[in-house]
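K.L.:
Required output: the full structure, derived from the provided sequences and hints.
There are 2 protein chains.
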Amino acid sequence: MKVSCIFLPTLIADRAIAGRICVVFDVLRASTTIVTALENGCQRIIPVATPAEAQKMKEKLSGSESVLLAGEREGRRIAGFDLGNSPGEFTAERIRGRTIIMCTTNGTAAILGAQGARSVLIGSLANLGAVVRRARVGEDVILLCAGKEGGISLEDIVACGAFVEAMVGEGSGSSGIELDDGAMVALEAFRASRDDIVGVLRKGNHGRYLESIGFGRDLETCAQRDVSDIVPYFDAATGSIEVRVAE
Amino acid sequence: MKVSCIFLPTLIADRAIAGRICVVFDVLRASTTIVTALENGCQRIIPVATPAEAQKMKEKLSGSESVLLAGEREGRRIAGFDLGNSPGEFTAERIRGRTIIMCTTNGTAAILGAQGARSVLIGSLANLGAVVRRARVGEDVILLCAGKEGGISLEDIVACGAFVEAMVGEGSGSSGIELDDGAMVALEAFRASRDDIVGVLRKGNHGRYLESIGFGRDLETCAQRDVSDIVPYFDAATGSIEVRVAE
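Line order of the protein sequences matches chains A and B. Under my numbering, the first residue of the first sequence carries the number 1, and numbering increases by one thereafter. Under my numbering, the first residue of the second sequence carries the number 1, and numbering increases by one thereafter.
Quick caveat, the hints were computed from the structure, so don't treat them as lab data. Some clues are possibly wrong.
Okay, derived cross-link-like pairs now, DSBU-like style, lysine-lysine, Cα gap no bigger than 35 Å in a straight line [what the hints assert, rightly or not]:
#, chain 1, residue 1, chain 2, residue 2
1, B, K2, A, K203
2, A, K203, B, K203
3, A, K60, A, K203
4, A, K2, B, K203
5, B, K2, B, K203
Quick caveat: nothing in here was measured; it's all calculated off a predicted structure.
P.N.:
Structure representation (structure tokens):
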């Protein structure tokens, strides 16, 4: 089986994702927030591209579902929305049983951009082991980094590297798993920084920005590994992200 | 000063290269071949995008200069060309004093794509120290990986990481040099694989391909570090790459 890593959604066109499992990583913060929200019992999450779309979707669903709007622009909660994009906001009290319509700058865009894949899963450090177990059925896997406004993100690549190492083991690769150059770069980046993952989140461009606007605690939350067995699954037919507990 | 790393020429549009120094890395093999050719006394190298352009340029120049055609498609010498893209072919006997018109799949395209920069230098492991010394005048530097047909290349990113480490030193970065996420990923990738650079070249996608078609020796050649003090400089006004010996 092959494990490939695409560093930015804009590079998807260059690679065949059709028919593959695609795991979308937006460590800071959409992926981690989605895992947290589903862990804490929200019904489903509907990713949308723009705040206007989010409002429209809310009007459409409000008769039948209990809806919350969540998302950010430039890291901050969108005006008029119920929640921002900090995992810590998505407590059981606030979100249990609710439908969350979510709009973030990079993460939801990456998820929507991956729709050509056979299966779109959401990956973060929080649910890394669970996603790895789900992927280990032997099919080719594509790891997709959300990045940050068209630039690559250190923390997404390092998280993909953690995924790759969990797949191939800690040796130098007689695992029978074929890595593309992106997956190899991610693996090396993870190996060089594995002892200080929160440091990775702090030194990347987006982590520094989040700290500067008061979201430093989110970095610690998003650096925690294997705190959930939830594997969020994006169903293109319903347009929503739901729970898939790892087998 | 800032050091940034762009993993593919197609990502240049997302970043401002205007007014910056840009170092183009195509370790396998165009950058290494260009350094070797200039080290061995060729007059200048004119990068062109297509074999047809190369032939046209040759006709234009043949009255006044002694011209050789060099380049590859799918790694092999282009039919009717004098030289392929193996550094070992560019011996002093063959190329001293000659003008080389060069057409390679990724490297020459990356060089031509970087023309918006104030200064375009050619970087490889062969001349890494010399390029670092040239860059250390304090200006912002952009490292551009040529990649391979739209996909990223492990060896280019690792070579950029070697550049970054030479700039910032071996510590964790109180050097006053600001790295973007790409430069940080490159640095980590280099640090994890520094003890086996030829192994890096052998395991990447393009290295494996070159070995499979009989160019395994080129990998050893291209893995050699600091064997030249030549800093090739692309002059957009003349359209040619010439020698700039590191001060």
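K.L.:
Does each hint hold? Answer for all of them.
P.N.:
Verification of the hints:
1. B:K2 with A:K203: holds, 14 Å
2. A:K203 with B:K203: holds, 29 Å
3. A:K60 with A:K203: Violated. K60 (chain A) to K203 (chain A) sits at ~41 Å, over the 35 Å cutoff.
4. A:K2 with B:K203: With a Cα-Cα distance of about 14 Å, the restraint between K2 (chain A) and K203 (chain B) holds, given a limit of 35 Å.
5. B:K2 with B:K203: holds, 30 Å
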